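Colleague: Take the two lone chains, each set in its own frame, and fit them into one complex as the hints suggest.
In the order they appear, the protein sequences are chains A and B. All residue numbers for the first sequence refer to my numbering, where the first residue is 95 and numbers rise by one. All residue numbers for the second sequence refer to my numbering, where the first residue is -5 and numbers rise by one.
Please keep in mind that the hints were generated in silico from the structure rather than gathered at the bench. A couple of the hints might just be wrong.
[To be verified] Straight-line C-alpha distance at most 20 Å; calculated SDA-like pairs for lysine to any residue: (1) A:Lys186 x B:Lys70; (2) B:Lys53 x A:Ser498; (3) B:Lys70 x A:Lys162; (4) B:Lys51 x A:Tyr188; (5) A:Lys137 x B:Gly85; (6) A:Lys209 x B:Thr95; (7) A:Lys162 x B:Thr95; (8) A:Lys159 x B:Asp49; (9) B:Lys73 x A:Glu146; (10) A:Lys457 x B:Glu68; (11) A:Lys186 x B:Lys51; (12) B:Lys51 x A:Thr184; (13) B:Lys368 x A:Val440; (14) A:Lys457 x B:Arg236; (15) A:Lys429 x B:Lys70; (16) A:Lys209 x A:Lys186; (17) A:Lys137 x B:Lys368; (18) A:Lys159 x B:Asn65; (19) B:Lys73 x A:Lys226; (20) A:Lys310 x A:Pro328; (21) B:Lys70 x A:Tyr188; (22) A:Lys453 x B:Asn65.
Remember, it's a predicted structure, so these values are computed and weren't measured experimentally.
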Amino acid sequence: MKHLNALKTSGSGFRTYRWLIVILVFLGLTAYFLLPVWAASSKYDSLRLYTEALFEITQKYVWPKSEKTLIYGSLRGMMNSLDPDSSFFTAKEYQNFLHGKKTPTAEAGLVLIVKNNLLTVASVIDDSPAAKAGLKPGDHILKINGHTVRNLTTQEATRRFQGAPNTKIKLQVYRNNAVKPLDLTVTLKPLGVQTVTTHYLDHDVAYVRISYFNTKTPLELAKAFEKIERRQPPVQGIVLDLRNNARGTMEEAVRSASLLLGDQQILIAKGRSPKSEESFRGKNRALIFKKLPPMVVLVDHGTARAAEIMAGALRDQARATLLGEKTLGLCGLTKVFPLEDGSALVMTVAQCYTPHGQKIQGKGLEPTVPGIKVKAKKSENKVTAKVVTPEQDPWVQQAVELISSGKPQTAINKKAS
Amino acid sequence: MIVRKSWLWGGVALLLGLALGWSFSGPAVVFGQNPNSSGSIRNLQASLSPTPVSDTKLKVFAQGLSIIEQNYPEPKTTKDLVYGAIRGAVGTLDPHSSFMTPDEFKELQIETKGKFSGIGIEITLKDHILTVVSPIEGTPAYQAGLKAGDQIVKINGKITKHITLMEAVKLIRGPKGSKVNLTINREGFEHPKVVVITRQIIPIHSVKARILGDGIGYIRITNFQDSTNHDLEAFLKKMKKRLVPFKGLILDLRNDPGGLLEQAVRVSDDFLKSGLIVYTEGRSRHQNMRFYARPDQEGKEPSIPMVVLINAGSASASEIVAGALKDQKRALIVGTKSFGKGSVQTIIPLDDGSALRLTTALYFTPSGVTINEKGIKPDLVVEEKRPQNESLQKLRDELLTRHMRREGLTDKPWNQPITPKELDKDAQLKKAVELLRNWPPPKNLAQYLAPQR
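One chain only, chain B, in its complex shape (with noise of 0.2 Å):
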């Protein structure tokens, strides 16, 4: 019943699905116990008790709890306060466990569905101005001719000025089939214009590619959602058709914030023969799982020559990733090391619909390294150019709007070849296609890779 109740939760940020996660027909996973699980954590199931939280304590609380409610100046209802005492009590605990009340909770399933309802564009602000940065193809807001470089200077009404992305994005957000009011204003209009959309549910692509001219493939994952999978091995297999010969492949993981531990495992699989690819340990043997890799998958790619760009922003499952073609020198480990977020979140909903993330397993590489607070470390360093100046509101902006944002490289169409003036301002990238077009690598980082059979 537990289990059922629980999702696990493989991000940073994003992405549910225990539910998935113990019901997919995926790779081959052994659930259960696991064989290397060490003495401390069975120990620490000798520990539990029945009744984990005994009278007396729970007295205690209860008589601040009445103490507020008689003396406090105003009324207070319980449910808050027991709000406030849940999240003091995840507060003790690590910054990756947090208590969500329910409209947080439905935000969160709704961004990690994959898809929301809305009208289809992505937006920015441009000089303190809300600007379109374009209409997604087929979307409401592209149906009713928005343009890049729009100007919205009103939504449903409210002026726009002093607004935030993410604010504005809940302007914009809402019900399918509910109507939103935006007052554009566009270079030749004499006044602004108000356009009415409809919304539209909308899906999120987290994978983008792009190619480069001689035989070689660049795909970005922008955080492990639903159909992560699916998507990158359409991605694989309209390259295999486009580019012949497929000569190499650069899978770019930074700033990949994460997602659904079970779309990390599908995505590694997707580049192994077979072989582990992460293993979790918890308190409970729920939590203890051995993920494989499974052989002869349809639309699998576990020879093609393979660069993993990863930098500080790739954590979690973009980790286990990296890790599984570390660990099985499958990939060239190409950035800078990466977070270090070794950690298994599950979402345990409450009866009132509010959730607990708690952190409730450790996961590890194939060669039983933890990666909590270590990252995985690049086969070869290269460090990236950082734009400055750019301030800390501005950096949470894009965080938080990841999926609105201007992705820059992936804007075009996948399949345009990427432009050496693009390379230029990528140092990391540059060099991952430097190395797959000399392949093999030179010797001192051939050594990171398993001999090809």
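Just chain A, with the same shape it has in the complex (with noise of 0.2 Å):
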């Protein structure tokens, strides 16, 4: 035996050692793929199925396509049914986008939301082309300039109705109830600068409207509020309406809610991991009034983003009482993370909490009074609405009453402290 092994260790020596080199890889690589498949089995078959569904597509379907195509339709169908806030940048556009690309002057004026894949208004800017040419928030497009609709990202979808001044963009739109869908034609033209109005109802009230949120308008909120604070005879409550408003960062929410709310919290930010929460407050000295007047702030499916924040933070301070119907709940915060072929993922990393904790994104807020059921006369349904006069409009009729009932909740700090 002795005399076999020495002969053995002699005779081939380094094959003996390379065959433990191969054993020793291969337990190695079994272990390092075997290992994480069997951990994580499921992901595996998952990412299996993509490479299958992928390996079909490129031999069967009748005209060819890229994969370069497949797998950037991939992406964007991935980012897609996350939410309308999550997005895809091709490499030309993350460059747009890091050079700070200046976004064209013109623009429709609407908010799009992409919704059980379908491109859905989520609101129109008061005044603005898409108003003009009668788009409605709710309704569905199914087609930009005759090219029907699929799998586009909600900012995508957000670039095709901007562009050049004058422009005109023919739409194909879907609306409830419609008989068939309607045509029609929006102008691109630069948006109103103003985004802040105020009207003086019966009863003292002031209605402020804001009718979507951009840098200037916390400043714009400021010189309103303070003319209302300054009134003579006294106002004796405020309606403030953020229907119908989806567009706005939550800096410029915080700055806004801010006037009325001081440094009080005003939203908490939550990503992936515990250590991410954020709080939000305000500044005391941006407070305007000595003493904040009943409020009622007018919500529904088309408020999101900042004014859902806005929403939120006055009504869990106990500052405001809404009325109206569920707010959209949109509301989180995206961050660009960069493929290693130039793309780039624009993915939701923190949702919004109102200071109470109570989650906005996806949930939305119930208002705490419902707002009356209009009957949908015929002519809603025609492509222009009349334009109504916070007097006309039955939700603020319905907000000054509660304000001269004495209902709403005045403002009362319910902080324990």
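Modeller: Put into structure tokens, the structure is as follows:
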């Protein structure tokens, strides 16, 4: 035996050594590949499903498709399945984004979301080209310039509605209960500079409309509130109209809400890890009113993002009653993640919660007082509906009644301290 | 292997069966390479590489996937993300390609088998109230005594107010042997009554018929499913007995969204002595097929004077039939231009029970015309009067519950002659009848027909 061993060792020492390495490498590879597979087999099954699907498409689809198109389509589809804020940039779009390529000067003035694979109008900015063309929140856009809308992300769709002034865009729009799709034409224009308007109603109630939020809105709003504060006879209540308002950043919301809430908490943003939780509050010196008059905030399905933050904060800090219908539930913070081939993902990384910890994203805010149901008149289906003044608006009337009857929650600070 | 997994898909909305397509003993079919296949298709063949998805691109996708998994505020399962991704990839293809989750795929299989498990009633929304149109004879609903006009107030205790027709259909359908409680209100009832009905397998008929007093038969195909050709042949046989002489036939393919390619071939074959019916061209040889009519088959009617009705709702399989009969100058095509869907979809089941519906081939009429986006032009254009003021929702409900809806003309027994009043409501049908009564047609139309041998 000894001899045999010796022979073997001497005769094939190098080979044995090599075999040992091969076996070790094999074991290592097996462990490396199989263990994670075993640990997360469902994940690998899903990935296999994906490659299987892609294989079938590349092999059998009647017209050939490039890998790039299919992979980009996949990324787009995956981001679309998350939420309307999550999106995808091709390499070119990402470069434009990085180099701050100016967004075109004119736009349609609407906020779009992709909902159940349908491109849907979330809100239409007051007096914008989209409003003039007759678009309404809830409309589904079927065709843009004759092309059927398919697999667009919210951001891509939004870019289709920006361009040089006076660009005309032809749309085919489906509206619930409509007999057939509507054909509308939108002419792009720069948006008006004003985002805040004030009216005075009966019973010394002030009506403040924010059509959307931009960087100047907090300042405009401050001026409007200062005027209301100085008004004689003193204002008895404020109706803040945040309906059909889905555009604006978190910062704009915090600065605007701070005018009424000072340094109270306005929102909490939470991401994946508990560490990511962040609380946002305003500044006490931003406060405008010595004593805040009773306030009703109007909200509807088109209330989202900055408007939702503001409505949630005013409600939770007991500064206002929400009147109307459930809000859209679209309030997240996005971040851009570059991918190795130069494209990038735009993804929601944190979601908004009201000061009392209620999640806004995906849920929306329920109104404290439901708005009275207005029977849809036939004229509402008409392309150009009549502009309603605040005095004619049933929910504004309901809000004024609420204020004059003394029912809305007044400015009581519920904080335990 | 690939072939075994895929089913041919020849409809806008309905019906499976390539397994069928490859093995059926029906019309003479020449499979294999198409002698006419163009160079471009061969070139496409060459461009297929053994690993169609390169690692670098796949890596980008995997990177995206892991970014979402690690950073999205809510945990997402890889499966949900992959479903979204596949949907996105399919979204870059033509509108007839789609992705189906396992649930959607199952529902499709039910629809395409030509039978489902239910109780056997046709329902409609009459003034927003869920109403029985008619119980189908011999079904559980019929045996339970449901009558036309009965209002269904509740389904399993759930109030049917504001329900859509599709939702109602879903609630009433269920596995064979299970029970459904319907709360029924009927004129003469003091209180609504609860009826318990056990669900059974209900066949869906895709062929309906009527006759006219003077030897003319009317057959309507609502879609092309598994048993369509058998049902058609059965009606032809019955008509031949009842109508002596059997002078003419109207084949109504209006609003027929299509279905199985194989069935389109069989239906065409019933009216043709010989010759090409349709051929398909795809990227792979498997997709290149030629379908011919078989001579001397029993139950065929290859020479009876014939008018085919089509409209913008006639698609896919309907267009194959209309195209074959038109190109072979076998029948006069009357109505309006057809939909123009000349592509074949193959259902490709994926590992986890989901499935892809992919456009894998285009089909061409015997004269080599693609139907895609062009449609079949009728020999004689006759516009139809369409009821206006129908909401989209209503139209959609109707489409979705095609086999549950009231067909009007074919609600009555097949052997009851169509009345002049019924004819007046349907200008296209009226024209078809007129043509057959005065057969052969005038010269300007006779050019579209092959001389009778």
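Colleague: Hint by hint, say whether it matches the structure.
Modeller: Hint check:
no.: 1; hint: A:Lys186 x B:Lys70; in the structure: violated (28 Å)
no.: 2; hint: B:Lys53 x A:Ser498; in the structure: violated (63 Å)
no.: 3; hint: B:Lys70 x A:Lys162; in the structure: violated (25 Å)
no.: 4; hint: B:Lys51 x A:Tyr188; in the structure: holds (18 Å)
no.: 5; hint: A:Lys137 x B:Gly85; in the structure: violated (23 Å)
no.: 6; hint: A:Lys209 x B:Thr95; in the structure: holds (18 Å)
no.: 7; hint: A:Lys162 x B:Thr95; in the structure: violated (24 Å)
no.: 8; hint: A:Lys159 x B:Asp49; in the structure: holds (17 Å)
no.: 9; hint: B:Lys73 x A:Glu146; in the structure: holds (13 Å)
no.: 10; hint: A:Lys457 x B:Glu68; in the structure: holds (14 Å)
no.: 11; hint: A:Lys186 x B:Lys51; in the structure: holds (17 Å)
no.: 12; hint: B:Lys51 x A:Thr184; in the structure: holds (13 Å)
no.: 13; hint: B:Lys368 x A:Val440; in the structure: violated (40 Å)
no.: 14; hint: A:Lys457 x B:Arg236; in the structure: violated (65 Å)
no.: 15; hint: A:Lys429 x B:Lys70; in the structure: holds (17 Å)
no.: 16; hint: A:Lys209 x A:Lys186; in the structure: violated (26 Å)
no.: 17; hint: A:Lys137 x B:Lys368; in the structure: violated (45 Å)
no.: 18; hint: A:Lys159 x B:Asn65; in the structure: violated (31 Å)
no.: 19; hint: B:Lys73 x A:Lys226; in the structure: violated (43 Å)
no.: 20; hint: A:Lys310 x A:Pro328; in the structure: violated (27 Å)
no.: 21; hint: B:Lys70 x A:Tyr188; in the structure: violated (25 Å)
no.: 22; hint: A:Lys453 x B:Asn65; in the structure: holds (18 Å)
Consistency with the previously given hints fails for numbers 1, 2, 3, 5, 7, 13, 14, 16, 17, 18, 19, 20 and 21, ordered from lowest to highest.
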